[in-house]
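Undergrad: Residue numbers (the working numbering), protein chains in the order written: chain A, 1 to 238; chain B, 1 to 379.
Hints may contain errors.
Each pair of labels, with its calculated beta carbon distance range [as the list claims (entries may be wrong)]:
1) B:Phe2 <-> A:Glu158: 18 to 28 Å
2) A:Asn90 <-> B:Phe326: 48 to 58 Å
3) A:Asp226 <-> B:Val313: 52 to 62 Å
4) A:His40 <-> B:Arg365: 31 to 41 Å
5) B:Ala274 <-> A:Asp22: 12 to 22 Å
Chain B regions said to be covered by chain A (calculated; three or more residues, Cβ under 8 Å) [what the hints assert, rightly or not]:
6) 3-11
7) 291-301
8) 361-375
Calculated from the structure, these hints are not laboratory results.
Keep in mind the model is a prediction, meaning the values are calculated, not measured.
C-beta atoms are modelled at their ideal positions from N, C-alpha and C, and glycine is treated no differently.
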Amino acid sequence: MTGTTQQAPGTTPTTTVGLELDDVTLTLGDGDSTVTALDHVSLTVPPGQLLAVVGPSGAGKSSLLAVAGALGLPTAGVVRVAGVDVSALNAARRADLRRRRIGFVFQSGNLLPALTAVDQLRFALHVAGERVGRDGRDPRTLLGQVGMAHKADRRPHELSGGERQRVGIARALVTAPALLLVDEPTAALDRARSHEVVQLLATETHEYGVATVMVTHDHDVLEHCDRVVEMEDGRLTA
Amino acid sequence: MFLAWRELWFARSRFGLMGAVVGLVAVLVVMLSGLSSGLVNDGVSGLKKLPVTAFAFDDGTAVDSAFSRSTVDRDQLAAWSAQDGVAEAALFGNQLVNAEGANGEAVDLALFGVEPDSFLAPAPDAVADGEGLGDATGIVVSDTVTELGLGVGDTVTIERLGTELTIVGVLDGQHTFGHVDVAYVPLETWQEIHSGALPGTEVRPEAYDEATAVALSVADGAELDTAAGDSDAATMTVPLDESFDGSPGYAAETLTLNLIQLFLYAISALVVGAFFTVWTIQRKHEIAVARAMGASTGYLVRDALGQAAVVLVVSTVVGMAVGVGFGALMTSTPMPFALEAGPLAVAAALLVGLGLLGAAASVGRIAHVDPLTALGGQR
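Go ahead and model the full structure; you've got the sequences and the hints to work with.
TA: This is the structure we're talking about:
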């Protein structure tokens, strides 16, 4: 471990590590029916790296995202996001960490149906209490970068699956996160769209220097990733 | 309110339907409020316009029938006149009679028997047409009597007794008691009618001592010692506004209307609560996504309550405006209807406030949405 000290969320950490999992264990359920979702997982993702986590369903990929994304706390071990020890934070502080330092890209985009593409990005900024993203990340400019400038004022039901993912990626990046967590981005896409979307993720990861963890079972798209780890029964095997 | 405004526009037909329900309830509330005020006017406007602080009824009469059952005499008047703080005291006679006009038309009258020189007699500036009380068989009537086609100089005959009374004056504005037009009549004539004596026959002498109640007026700044006065005069004193319950049907009518309004408020709050419960459940997945993005519970609850407030205020204001519009049409009909700003403001505040309570009960669910459900599975 690099000996990073605990930081209050929102301050700029000095670490060069996006995500750090140190001997993390997560058990779910209680009594007789406990399941070990994460079994002594250690993992470090530096800024600017696109890491793919592959494995069969039930291997613990979603649990990894939940713990890395400060949605839940591990049973044992340490999780650091941009140098901040997540396990020391209460629920409100973890929410604060999520809106400032973590970006989520969900399956099939998970956009809010009432909002136009550009408003999806503005909403992320509004939640984070910002008008324009740090580093001057303007919603329309960012939509242009993911190739969605021409549909900035369309709502999700007017967009195709690939277009929704592009908007979802732009929404996750607009708050300038240190860590980008991507959940099965190609689950609802055909092969050509899948390659485009993962390629876009790789480009943005490198351009913005964000640590990206992508969970997928789609082995086709791994060629675009900087590093691939496999998961099985809650353990990293690669 | 970032999300709230955009959702209002996006789901405008759903919000519109719910707002329409609240708006229609607001229309109904305005109508009932107007009817309520109108009935109050119809029931007790004659009493309200008396310069009276309190009525002293004979001891032991029940308030709800005091005006028809109580009988007081001049000794009780004298006892009250001697009390401290009493500026004026006078005998007041009250009786509902059926009469008919010159052409046989039915005229119901609430006789107010007062001594023409007492403080109860209509003031000269309250008489719009004709003159005040004076002549023994001359009556001064509410201007609502003119709607029956009667005016100064016309004669009405009291049924069964055959007593003839002539209209000598018409008052300015509505004076009614128990939905019946008020006719001021000299106390002596009232006493003869009240005793049931036919014209020309002998009236039992003690009848000229009697009236329904002692009307009291208190000197400026003075306090009425009702306990001392009641014990001296053997009476039961009731403040003017409480004496309204003695007007026929008054208590039952106001209770019924208030009960209907109460139900409307409850229905409106439940509709709003049910709508926002369904709405919140429909949005569960979106709320999970927003929470995963880091939106705090407070942020989302403020957003939802702000949304409810917008819908409630807009629909209440529109509904009330429509209701007041209808009400303006109603006031020109014989329906007892009167719109007053005070009760309407209270009704608006209740509709919005109770609606917000209903919404608050449902948006509590937001706090229980697990952001983890944003991960995995498709919608």
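Undergrad: Each hint: holds or not?
TA: A quick look at each hint next to the structure:
1. B:Phe2 <-> A:Glu158: 18 to 28 Å: 21 Å, holds
2. A:Asn90 <-> B:Phe326: 48 to 58 Å: Given range 48 to 58 Å: holds, Cβ gap about 55 Å.
3. A:Asp226 <-> B:Val313: 52 to 62 Å: 54 Å, holds
4. A:His40 <-> B:Arg365: 31 to 41 Å: Holds: the Cβ-Cβ distance is about 37 Å, inside 31 to 41 Å.
5. B:Ala274 <-> A:Asp22: 12 to 22 Å: The hint (12 to 22 Å, Cβ to Cβ) is violated, given that Ala274 (chain B) and Asp22 (chain A) are roughly 49 Å apart.
6. 3-11: Since 6 is at least three, the answer is holds.
7. 291-301: holds (count 7)
8. 361-375: Coverage by chain A holds here, the residue count being 4 at a Cβ distance below 8 Å.
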